[in-house]
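Visitor: Chains as they are written, first to last, in the numbering used here: chain A, 1249 to 1390; chain B, 1249 to 1390; chain C, 1249 to 1390; chain D, 1249 to 1390.
If you are wondering where the hints come from, they were derived from the structure by calculation, not from laboratory data.
Glycine is no exception: its CB is placed at the ideal position from the N, C-alpha and C atoms.
Fair warning: there could be bad hints in the mix.
Stated by the list, open to error - Just the calculated beta-carbon pair ranges, DEER-fashion:
#1 C/R1366 x B/D1251: 29 to 35 Å
#2 A/D1342 x D/A1385: 37 to 43 Å
#3 C/P1368 x B/A1385: 52 to 58 Å
#4 D/R1255 x A/R1255: 26 to 32 Å
#5 A/D1298 x C/P1380: 48 to 54 Å
#6 D/E1289 x A/M1318: 24 to 30 Å
Unchecked claim - Pairs of lysine-lysine residues, derived as DSS-like cross-links and limited to a Cα-Cα distance of at most 30 Å, are as follows:
#7 A/K1375 x A/K1295
#8 C/K1295 x D/K1295
#9 C/K1375 x D/K1375
#10 B/K1375 x B/K1295
#11 B/K1295 x A/K1375
#12 D/K1295 x D/K1377
#13 A/K1295 x B/K1295
What the hints assert, rightly or not - Non-contacting residues of chain A with respect to chain D, defined by C-beta distances greater than 10 Å in every case (computed):
#14 V1253
#15 T1259
#16 A1261
#17 R1275
#18 D1312
#19 A1313
#20 T1316
#21 S1340
#22 R1346
#23 D1370
#24 P1380
#25 I1384
#26 R1388
4 protein chains.
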Amino acid sequence: MTDFVHRRQFTIAWSHCDPAGIAFNSRFFEFFDWGTWMLFEAALGVKPPDLAAAFGIVGLPLVDAGATFMAPARFGDVVDQTSRVSDFRRSSFDVEHRLAIRGEVAVEGRETRVWAGRDPADPSRMKAKAIPEDVIARFRPQ
Amino acid sequence: MTDFVHRRQFTIAWSHCDPAGIAFNSRFFEFFDWGTWMLFEAALGVKPPDLAAAFGIVGLPLVDAGATFMAPARFGDVVDQTSRVSDFRRSSFDVEHRLAIRGEVAVEGRETRVWAGRDPADPSRMKAKAIPEDVIARFRPQ
Amino acid sequence: MTDFVHRRQFTIAWSHCDPAGIAFNSRFFEFFDWGTWMLFEAALGVKPPDLAAAFGIVGLPLVDAGATFMAPARFGDVVDQTSRVSDFRRSSFDVEHRLAIRGEVAVEGRETRVWAGRDPADPSRMKAKAIPEDVIARFRPQ
Amino acid sequence: MTDFVHRRQFTIAWSHCDPAGIAFNSRFFEFFDWGTWMLFEAALGVKPPDLAAAFGIVGLPLVDAGATFMAPARFGDVVDQTSRVSDFRRSSFDVEHRLAIRGEVAVEGRETRVWAGRDPADPSRMKAKAIPEDVIARFRPQ
Chain A
1249 MTDFVHRRQF TIAWSHCDPA GIAFNSRFFE FFDWGTWMLF EAALGVKPPD
1299 LAAAFGIVGL PLVDAGATFM APARFGDVVD QTSRVSDFRR SSFDVEHRLA
1349 IRGEVAVEGR ETRVWAGRDP ADPSRMKAKA IPEDVIARFR PQ
Chain B
1249 MTDFVHRRQF TIAWSHCDPA GIAFNSRFFE FFDWGTWMLF EAALGVKPPD
1299 LAAAFGIVGL PLVDAGATFM APARFGDVVD QTSRVSDFRR SSFDVEHRLA
1349 IRGEVAVEGR ETRVWAGRDP ADPSRMKAKA IPEDVIARFR PQ
Chain C
1249 MTDFVHRRQF TIAWSHCDPA GIAFNSRFFE FFDWGTWMLF EAALGVKPPD
1299 LAAAFGIVGL PLVDAGATFM APARFGDVVD QTSRVSDFRR SSFDVEHRLA
1349 IRGEVAVEGR ETRVWAGRDP ADPSRMKAKA IPEDVIARFR PQ
Chain D
1249 MTDFVHRRQF TIAWSHCDPA GIAFNSRFFE FFDWGTWMLF EAALGVKPPD
1299 LAAAFGIVGL PLVDAGATFM APARFGDVVD QTSRVSDFRR SSFDVEHRLA
1349 IRGEVAVEGR ETRVWAGRDP ADPSRMKAKA IPEDVIARFR PQ
């Protein structure tokens, strides 16, 4: 577990909610995605649209995502989201997102992403690259 | 009014609907967008992802959009959408979308789009181009 | 034009953007909707999920919406949104939304909504009600 | 593994895609949700908005969801989705979704859902109920 954590707070909007009056499941994957972008901005000091150019990559494509829904998030609920990298491997990493409402965890999310550059053999495709050590170091406790 | 009309039918999904149990307004603008792509495919015989290359444009950027909501569209409702170009101008055009449920018009949509190429002075920007006569002809009654 | 204005600031996320790299048009109608909820919370001092019960209504159904797109909103752009009621009528009202990026207006939105209660003749339907004078007064300059 | 499979085909729309030109991950969870509704309609012969009333439940709330992304889904790609219940337990079940493009699996999805009624002790809450045997039987090979 790395120790760098990004926290943000947001409110469940009417447009997030389904006829059951709760945030529809796909919305959480948007919340996770945005949490990851902001986590990387906070850790690396690079704005999301500049991340790829700053590190010579194409992006951080998602290869696996999941969520466990423990309690509903209703219209107007204030959500406290914490996002952290739980594991760095050679060229991929896992991000954990925890969304709490009134102090109770409502949703846990997990993403596996790849540090991806262009494939030298075919520039229209992406290829996993080794994550630089100094990138990983920014997520570690000081 | 040009006479080429594209018709499609689809069903209102759970994920389209808000806590009032009806399709949330922003979803209709997705339905309009898809209607326009399919209208152009039907009229011009070019698949949506190939449209730009086939006509030497960058795309059909939207400059104005609107909708009038006459009746709600509920989860499970079958929608009959008709889309047509209502006006072609030199480099822009209007698309009208009509969404009917059980034979009654529920939503009317309108889009104004531009026939846009790259700006020769600044390739990162778009610039309106004249719509080719043979494109317009494909939307006219035979 | 009433004088009560709600301002909020947010950032264009990756998930808002389409293959042209700009926020997809339907997303703006979500931004408008949320602006209206927050405008009413600010003016009336009632949280969005409590609005209907506090005023004996079912909601503020949208009957017309539109947007004019003057400039693209790109991934990472910081948006300053101002929302205000531009006209109150007996039982409906218009909301104007202005979204500016780096000081320039990028998108203008407009919504027409109804102050709606249950139809006494058919509780499954909504019916326009007169907007209370003290509601309107909260949007007026002091 | 139960043997009842629902198949549907759809096309990746412009509005589904992100700046990388591929369908954004959260969209797949909408595709999974719709696949589940249609699978139940096909197996049980009940339209989605009538499902809850027909079986005396409140709904099929999602408690866990996940996806593995093997290949990108691009604008205009035709997707063949198959959905099936992979496991029925006393009051919950798993749904598997497989999305193939040009014959290759691009995305695999998994959902765990609950057969949920109202909690007799608190009608504002849901409570897991035993899935009727005749419901399960409809998903079994004949």
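Visitor: Next, verify each hint and record whether it holds.
Guide: Evaluated hints:
1. The supplied range of 29 to 35 Å is broken by C/R1366 and B/D1251, whose beta-carbon atoms lie about 43 Å from each other.
2. About 40 Å separates the C-beta atoms of A/D1342 and D/A1385, a value consistent with the hinted range of 37 to 43 Å.
3. Between C/P1368 and B/A1385 the beta carbon distance is about 55 Å. The supplied range of 52 to 58 Å therefore holds.
4. The supplied range of 26 to 32 Å is broken by D/R1255 and A/R1255, whose beta-carbon atoms lie about 43 Å from each other.
5. Take A/D1298 and C/P1380: their Cβ atoms lie about 50 Å apart, and the range 48 to 54 Å holds.
6. Here the CB-CB span from D/E1289 to A/M1318 is close to 28 Å, well matched to the stated 24 to 30 Å.
7. A C-alpha spacing of about 23 Å is found between A/K1375 and A/K1295, which places the hinted pair at or below 30 Å, so the restraint holds.
8. A C-alpha spacing of about 35 Å is found between C/K1295 and D/K1295, which places the hinted pair above 30 Å, so the restraint is violated.
9. Pair hint C/K1375 plus D/K1375 does not hold up; C-alpha atoms about 34 Å apart against a cutoff of 30 Å.
10. Only pairs whose Cα atoms come within 30 Å are accepted, and B/K1375 paired with B/K1295 is accepted, the gap being roughly 23 Å.
11. A C-alpha spacing of about 29 Å is found between B/K1295 and A/K1375, which places the hinted pair at or below 30 Å, so the restraint holds.
12. Taking the CA atoms of D/K1295 and D/K1377, the gap is near 21 Å; set against the 30 Å cutoff, the hint holds.
13. This hinted pair does not check out: A/K1295 and B/K1295 have alpha carbons roughly 35 Å apart, beyond 30 Å.
14. For A/V1253, the non-interface assignment is confirmed: its Cβ lies about 22 Å from the closest Cβ of chain D, beyond the 10 Å cut-off.
15. With 10 Å as the threshold on Cβ separation, the claim that A/T1259 sits away from chain D holds: the shortest Cβ distance comes to roughly 18 Å.
16. With a least CB separation of 15 Å from chain D, A/A1261 remains clear of the 10 Å interface cut-off, as annotated.
17. With a minimum CB-CB distance of about 7 Å to chain D, A/R1275 fails to clear the 10 Å threshold, and the non-interface call is violated.
18. The Cβ of A/D1312 sits about 5 Å from the closest Cβ of chain D, inside the 10 Å cut-off, so the non-interface label is violated.
19. Once the 10 Å rule is applied to beta carbons, A/A1313 is inconsistent with being away from chain D; the minimum gap is 5 Å.
20. The non-interface label for A/T1316 is inconsistent with chain D: the shortest C-beta to C-beta separation is roughly 5 Å, within 10 Å.
21. With 10 Å as the threshold on Cβ separation, the claim that A/S1340 sits away from chain D holds: the shortest Cβ distance comes to roughly 12 Å.
22. Its beta-carbon lying about 15 Å from the closest one in chain D, A/R1346 satisfies the requirement of being farther than 10 Å from that chain.
23. Non-interface call for A/D1370 relative to chain D: holds, since the shortest CB-CB distance, roughly 14 Å, exceeds 10 Å.
24. Remark: the non-interface label on A/P1380 is consistent with the geometry, its nearest Cβ contact in chain D lying 22 Å away (cut-off 10 Å).
25. In this structure A/I1384 is separated from chain D by more than 10 Å, as the shortest Cβ-Cβ distance comes to about 23 Å.
26. With 10 Å as the threshold on Cβ separation, the claim that A/R1388 sits away from chain D holds: the shortest Cβ distance comes to roughly 27 Å.
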